[in-house]
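Protein chains in written order, with my numbering: chain A, 1 to 383; chain B, 1001 to 1581.
These are computed hints drawn from the structure, not numbers from a lab. A hint or two may mislead.
Some chain A residues close to chain B (C-beta under 8 angstroms, calculated; not the full set) [said to hold, decoys possible]:
#	residue
1	176
2	180
3	181
4	243
5	280
6	287
7	295
8	314
9	331
10	332
11	334
Per the computed footprint, the stretches of chain B lying under chain A, defined by three or more beta-carbons under 8 angstroms from a beta-carbon of chain A, are [claimed, not checked]:
#	region
12	1031-1037
13	1106-1114
Result set (DSBU-like, lysine-lysine): computed pairs, CA atoms no more than 30 angstroms apart in a straight line [unchecked claim]:
#	chain 1	residue 1	chain 2	residue 2
14	B	1500	A	219
15	B	1137	A	106
16	B	1246	B	1492
17	A	334	B	1137
18	A	106	B	1111
19	B	1244	B	1449
20	B	1248	B	1449
21	B	1528	B	1501
22	A	334	B	1138
23	B	1244	B	1474
24	B	1373	B	1449
25	B	1244	B	1500
26	B	1474	B	1454
27	B	1244	B	1374
28	B	1137	A	219
29	B	1454	B	1373
30	B	1454	B	1246
31	B	1479	B	1549
By construction, the Cβ of each residue, glycine as well, lies at the ideal position given by its N, Cα and C atoms.
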Amino acid sequence: MISREQRTPFSEWWWTVDRLLLAAIVVLMLGGVILSLAASPPVATRIGLDSFHFFNRHVMFLLPSFIVLIGVSFLSPRQIRRSALVVFAVSVALIMATLLFGPEVKGSRRWITILGINIQASESAKPAFVVLAAWLFSESARRPEMPATSMAVGILLLLVTLLVMEPDFGQTMLILMSWGALFFIAGMRIVWVLGLAGVAAAGLFAAYLFVPHVAGRIKRFMNPASGDTYQVDTAMEAFSNGGWLGLGPGEGIAKRSLPDSHTDFVFAVGAEEFGIVLCLGILALYAFIVLRTLSRAYASEDLFARFAAAGLAILFGVQAAINMAVNLQLLPAKGMTLPFISYGGSSMVSLAYGVGMMLALTRHRPQIEVESASRASATPGYA
Amino acid sequence: MTEPVTIRVPTEPWRRRLIRSLLYGNNVDRVAKARARVGFAMIAFAVVYAVIGIRLATIAMVGDSHSARRSGSQDAVATARPDILDRNGAILATDVKSPSLFGEPRRIIDKDEAVELLTATLPDLDTIEVRDRLSSKKGFVWLKREITPQQQQEIRRLGIPGIGFLRENRRIYPSGPAVSHLIGLVNIDNQGIAGIEKWLDSNGLADLHRAGFASDRLQQPVELAIDLRVEHALRDELLKAQEKYKAKAASGLVSNVRTGEIVAMVSLPDFDPNNPREAHDPDRINRLTTGVYEMGSTFKTLTLAMALDAGKANLNTLYDARGAMRYGKFAIHDTHPAGRAITLSEVFTLSSNVGAARVALSQGVEAHRAFLKKLGQLDRLRTELPESTAPIVPKRWGELNTVTISFGHGIAVAPLQAVMGINAVINGGYLIPPTFLKRTEQEALALAKRVVRKETSDKIRYLMRLNAEVGTAKQADVKGYYIGGKTGTAEKVVNGRYSKKQVLNSFTAILPADNPQYQLLVMLDEPKGLPETHGFITSGWNAVPTGGKVIARIAPLLGLEPRFDLPPSERLILAASRGTP
């Protein structure tokens, strides 16, 4: 047991961090391992790799993810701001490099290989962007003389432009939604929120009109008979096959025919083998993580901590919700991973980074520290 | 928190203040507002996750009930049918459970492997067809129905995913071809498609199946009037006769005179209901109900009954049979011309066409037609068997029609129909619709319709007995059973002309003639002349001896007591008839 008597950095962390939230995240990561064991071997076999290729890599990525998670959760809000700025800058640079040098896969450039490691820079850009936006919004409240709101719009336009150039509509949507949510939470007048929603709707409509594959997906969702809904149909079949308790480990069939069973449709695969009870458990974990973080944000006195924690929770929660809703045919098909459950190295490390910041920002800090921090940041030119 | 904000507001340039108030509103506590909006986000997330949770639960419930339903109906794909028994309880048709092989194409991972393994195990599977079926996008396809347990075991060992078995009811007919036309058959889904099987479906069984109630419950067996022993004997003798006389077809029918029950019915060539492919051969139709034929001299029985019943003639009324009868450009001949005037009895025993024609003409065209109508010879006869054919009746019925129909030409009826008509004129005058189901005498009487007087019936029985004593049916007179009979040799129409070489022979027998219990009909289609028949092909040389052999075998089975030293028909039947007017 960690003693409260000596104030080591670790004991300080342990007694201030939200341990329930941490536990939920660790359980989710372990659940991801089990589901990877179920969902990834058929995919690996299908593309001619060793059956445990994806599973081994999934486990391999857990370690750095965990280190990032814990390490980031030690940071103070100020360190988080700075790290976010750095991560964002590096990510944007990498995305630009990707656009220039990255190979084209399935019609888009999303990956770049650096030192033999495939990196999807847009993943790490997301949490860093949310933190930066939260910071700018909180600054606009605290120091109105700074053009913080305009800067928030600026970084949004920068990132969205880059993501549309890849193109990666899933990430773009996620970024827009998180930014919009922060915009809303920052206390914008409701007319602007509605205006933003209108712009988003118009954007979606434009995408529907001008981007054929978006139009196709929406059409197929509205009218399943109009095209090939194989993936979604198979996923739905997996859910009903599984029933409450599932067919049992290894008994699933959908994973053999779903091309993205280890990423986008891992939820359905899990349902078929382990039952809807497991899905409800995973859903409960996500709900717990999101609501717990939001409630901590609600209680937080520090504007930046509140905005950033809320923004990260929203980013995390929206991503999970979209993935599950697509699996359950509640939304049109959209390539989006299930946080910590789906396979993906960049995604997992980035998620660990984001969730680590969430943990750091929801730590109980003595009021005096909060005040000194805000006073310190209030000093012009300090941060 | 708010303190620094309020301090700095006055120093704010007006442009920025405008933007700020436009964006966030004036005099708003943004910190409090932000907190409230985080609360709103929490509510929004709670709602979204709740929707996902509800969706999951709904799918789980639907999915569970779906799988439960499937396992519940696994044994009832081809639903159960009731057993069919003969009148003594012998099984004619029953259900046997056997596994059927199916595939679920959407679950099959490697179609080529599945096709290869399956065709290796079941060599009679068509590779291309199996591949087509497995390549479809359906959820369920049959691959092979009704495989053996051993094959099931072998396929199970292959461990192909997406391949499964359902236990199905397979219909089995233990007596094979003996009851073919009668029982009919079922298709692969155990639905009756012919004969009694189809009748079962159209009488409620199909509804039961649709409602899903007919699955594996014990169903009341259906008892038929048929006697399997009689059926076997009849079929055996007909097979022998068909071979001996090289006939194209042979058929026979035994019916209970008092109840209309059909105790045996054979129509050769027949088929094995266990092998449905044979049943579709058009040569294998049921010649007793589905075929219609010119019955020939058998019809004379009805002609004479009409005359006797009208009271305008008696057994001794004389008719001119000195030579051929001319009617317009047609001439009616007798096979064995008498060359003199003959009595009504002799018209029957000599089987005189000229005599029968004169008998019918003496009654008039309308009376003749009305009588045949009354005896059900002009309308389609419907029984339990779905297969039936309407008789071919002349559209305009003139004197010439009456002349030819009096001796059984110019009208084609189903033999079963003729049996019903003959039945009515020998059983005391009751027209009883024939049935394949068990029926008591009381039930038959309730359905019966009186068509001729009892005295007429007595006289016809006398004539038929006389015919066995001195007439054309002598060869069938099995001692002890006091048989009466009437032969018929109908010339078949070949290329629009009546042929002398191709004939349809029939023999109708009643036993015993003094108190008839059963009627037997034997028909031979195109029998050939043999040395022992001196080249003759008339009924008396083939159908009659066949009938005799049949009677010798079936009479004991039917429980008829042999009686010897009985007086001739004149004393036994006619005297008894006069004694009880």
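Against the structure, the hints:
no.	hint	verdict
1	176	violated (16 angstroms)
2	180	violated (11 angstroms)
3	181	holds (6 angstroms)
4	243	holds (4 angstroms)
5	280	holds (6 angstroms)
6	287	holds (4 angstroms)
7	295	holds (7 angstroms)
8	314	holds (6 angstroms)
9	331	violated (10 angstroms)
10	332	violated (15 angstroms)
11	334	violated (15 angstroms)
12	1031-1037	holds (count 5)
13	1106-1114	holds (count 3)
14	B/1500 <-> A/219	violated (79 angstroms)
15	B/1137 <-> A/106	holds (26 angstroms)
16	B/1246 <-> B/1492	holds (16 angstroms)
17	A/334 <-> B/1137	holds (24 angstroms)
18	A/106 <-> B/1111	holds (27 angstroms)
19	B/1244 <-> B/1449	violated (41 angstroms)
20	B/1248 <-> B/1449	violated (37 angstroms)
21	B/1528 <-> B/1501	holds (8 angstroms)
22	A/334 <-> B/1138	holds (26 angstroms)
23	B/1244 <-> B/1474	holds (20 angstroms)
24	B/1373 <-> B/1449	holds (13 angstroms)
25	B/1244 <-> B/1500	holds (20 angstroms)
26	B/1474 <-> B/1454	holds (26 angstroms)
27	B/1244 <-> B/1374	violated (38 angstroms)
28	B/1137 <-> A/219	holds (22 angstroms)
29	B/1454 <-> B/1373	holds (19 angstroms)
30	B/1454 <-> B/1246	violated (41 angstroms)
31	B/1479 <-> B/1549	holds (12 angstroms)
Checked against the numbered hints listed earlier, the structure breaks hints 1, 2, 9, 10, 11, 14, 19, 20, 27, 30; every other hint is satisfied.
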